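There are 2 protein chains.
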Amino acid sequence: MRAAVFVEPGKIEITERPDPQIAKPTDAIVRVALACVCGSDLWFYRGQTPYEAGRPVGHEFIGVVEDIGSEVSRLHKGDVVIAPFAFSDGTCPHCQAGITTSCLHGGFWASGGMDGGQGEAVRVPFADATLVRIPGSGHSEEMWHSLLALSDVMGTGHHAAVSAGVKRGNAVAVVGDGAVGLSAVLAAARLGADRIIALSRHEDRQQVARAFGATDIVAERGEAATEAVIDLTDDVGADAVLECVGTGQSMATAFSIARPGAMVGYVGVPHGVEVPLQSMFFRNVGMHGGSAPVRTYIPGLMEDVLAGRIDPGRVLDFETDLDGIQEAYAAMDQRRAIKSLVRVSSI
Amino acid sequence: MRAAVFVEPGKIEITERPDPQIAKPTDAIVRVALACVCGSDLWFYRGQTPYEAGRPVGHEFIGVVEDIGSEVSRLHKGDVVIAPFAFSDGTCPHCQAGITTSCLHGGFWASGGMDGGQGEAVRVPFADATLVRIPGSGHSEEMWHSLLALSDVMGTGHHAAVSAGVKRGNAVAVVGDGAVGLSAVLAAARLGADRIIALSRHEDRQQVARAFGATDIVAERGEAATEAVIDLTDDVGADAVLECVGTGQSMATAFSIARPGAMVGYVGVPHGVEVPLQSMFFRNVGMHGGSAPVRTYIPGLMEDVLAGRIDPGRVLDFETDLDGIQEAYAAMDQRRAIKSLVRVSSI
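In the order they appear, the protein sequences are chains A and B.
Each residue of the first sequence is one higher than the one before, starting from 1 at the first, in this note's numbering.
Each residue of the second sequence is one higher than the one before, starting from 1001 at the first, in this note's numbering.
For the record, the hints were derived by calculation from the structure and aren't laboratory data.
Predicted, not measured: the structure shown is a model, and the values here were computed from it.
Just to be clear, a hint being listed does not mean it is correct.
Residues from chain A that face chain B, not an exhaustive set, calculated with beta carbons under 8 Å [stated by the list, open to error]: (1) I14; (2) G98; (3) F281; (4) G289.
The calculated label-pair distances, taken between Cβ atoms and stated as ranges, are [unchecked claim]: (5) D19/A / R1201/B: 56 to 62 Å; (6) E66/A / E1220/B: 51 to 57 Å; (7) G272/A / H1105/B: 35 to 41 Å.
Using N, Cα and C, we set each Cβ at its ideal position, and we do this for glycine too.
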């Protein structure tokens, strides 16, 4: 099969890789229909985290079940499925508690010998537990985009909102206007936030944020951003803060705009972050979040996507095919795209 | 009046201080009946945090209302009251949200010119909002101790449990066997935890922990403590961890024994703590807590104390009077006492 692999920083290319085969009776083989590029893929693309030459890439995809192992019972050949960015057995104590990203037997695509999502096919372990079947047919192109967004960014934005304890009527601040930050705006709106302050400097992203439910935009950064949010909340601070970047500055901003007693829900992998522990203690500001257990959230979010209540696919504003994979990365790297969709085959 | 003041590390003495007077119409003057010494008082006693010579001490007391300002309407002379360790106006946005320790106009006893609790009387600002009247009369000595414990340690232990999200049926681990740690055990039991693992090395404290509801005792420290808790929870980790110390080691232990997705509720003021951010992120372990809004919790906890359902006063295992104040500190410093009660006047 053809699949994208990392060559060196700034270079992703399509190469021939072995066709995936059923290796365990709980496996399925999924032919990838739509994949996308994640903000976290840019780390290795930019050479910021190490990545082996020749290693496959991609962890977000929807596709069609082509083959199943003898113990797969809930899925059938021909089913159209969403793959969350991690696979999980569904039965270990952490899966049972909903933290599927901590599955005792789970793992991640394009890692540890697994196929990547940016390729023609993927062997999926624990297929019954990992994959979520998409019901119905004849969905619109926009709906396919939104279903694809459930493989990572929408579930991750939702995780920020859940971790921050967003409640109906809250004033919520969202730090970060990447695909995850925008998804977090949508998640906060879905959970009933009255006011959603999106910290965003880019006009195209501000537009998506507003379409997703942002009531206020703060374009400033650093201390000016803090002052703006504090002003907007009548000197109180936000009831919940969703941190969707992970840098030292974004986390500092997140803590500084949280009202006493509030939670910072964070989903950006922390890079160079210092936690302001004394101020957190004396203001009772907490933090919770991490690698989102997207699998747990897909069914609930999918219901709202299929009913047309949310359209997280709007963050996919650039499209190409496998041959255009390099451009899919470059467009995001150069901020020409919020998020790139890669059309691999027909559904 | 006579009141305890800090002289130098290791030395607390009784001195003459001006009788407190009503300064604002919302003030009350409370004659102190029972006070106690806090684990946090040991910081300045041991010279670990700076403290001015001659500054009053103490922030936990119950007493009798002796005088009220013209705008005090909910309290009357003769009322017996619990003072939480912070005063608060009850009307600012943070008080309204229950975070009374962040009151915009509040403050702390023995700080910024306020009287200390370890003395004969205290001027109490925002008396209607700050003080909680104790109903009934003829309470037993044990019940007075338990009511006194609501001024700080029981509310603080409860805050750890609330911040960690303790739910009915949970397996909870409590790090720290001081008065707050033991109170946290009691709070977890009150909230319906099925299993409570108390990390405690001292036999007298283990006994109180068991009386408060601990089902398991782990006497080890550091990595051995982590292993023991992980073993006890079938390799899963605790559903909620209550951190009641605040040192680097105790916080490291707390994070290491939390199951993926769990919260560490922390109420020990952090000293030399490094937050294990990467591991928190990838295991989805959060932290919340801080300076406990005890005032918010007193009514609910008092109901259970008066009904005999909880007896947090058991942590007060040493008693003296104002003249014995030095010994009250020394007994705790030398770990001869869990917590010292200072009998100042009759109720």
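Which of the listed hints are broken here? 1
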